[in-house]
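Chemist: Those protein sequences? They're chains Z and X, same order as listed.
All residue numbers for the first sequence refer to this note's numbering, where the first residue is 387 and numbers rise by one.
All residue numbers for the second sequence refer to this note's numbering, where the first residue is 364 and numbers rise by one.
In short, the hints are calculated from the structure, not lab data.
Misleading hints may appear alongside valid ones.
[To be verified] Below are the SDA-like pairs computed for lysine to any residue, each with C-alpha atoms no more than 20 Å apart in a straight line:
no., chain 1, residue 1, chain 2, residue 2
1, X, 400, Z, 400
2, X, 404, X, 436
3, X, 403, X, 375
4, X, 403, Z, 395
5, X, 471, Z, 430
6, X, 403, Z, 482
As a plain string of letters, each chain reads:
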Amino acid sequence: DTGVSQDPRHKITKRGQNVTFRCDPISEHNRLYWYRQTLGQGPEFLTYFQNEAQLEKSRLLSDRFSAERPKGSFSTLEIQRTEQGDSAMYLCASSLYPTGPNSPLHFGNGTRLTVT
Amino acid sequence: EDKVVQSPLSLVVHEGDTVTLNCSYEVTNFRSLLWYKQEKKAPTFLFMLTSSGIEKKSGRLSSILDKKELFSILNITATQTGDSAVYLCAVEAGGTYKYIFGTGTRLKVLA
């Protein structure tokens, strides 16, 4: 079990550019979640997948955000035409569904995005 | 709308003190409540609670859930400087199966 890994760790981009982040979940986990966290706030739900199916996307999420999990393994989160308000830590997490006492949400170390 | 509220927002104590962190929630079809500790990076898992009145314990940390009153508490006894972190509470809503987080309690333990 190598844990949830995210790449890159940091990304600095100019406003208007597109960025893509990758998440590799724990291998046997069938659920994958994306969260966004800003300073002083808890993680905010963005979207989640069960296997390759995207089951829910936050209503607060702009159309500039899109996520995929094409083969039910790794996932990508793309932000198009970035804005300064997109600057945040993007956290990926995975879990095994159905949830059991030994299957909580496991987080990666996140990708910190700075939009200048 | 589903929500999770944590209190206090921040807390400063001295080593050896005991602290109690609170988490109240309103969600559709509650499934579980999770506590996490977040230092500089990824939140790390502490406890998962699904049943009322059953205390979960790990060393100096313990937690309990009250599903009637819709809250949970996290206790830390004999605090140490290494306990300084943000403590997050998350609730899994069965209707949507997503985890909703509170804003966290920032705990600082002074030597």
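Chemist: Of all the hints given earlier, name the ones this structure violates by number, lowest first.
Modeler: The structure conflicts with hints 1, 2, 5 and 6, although it agrees with all the remaining ones.
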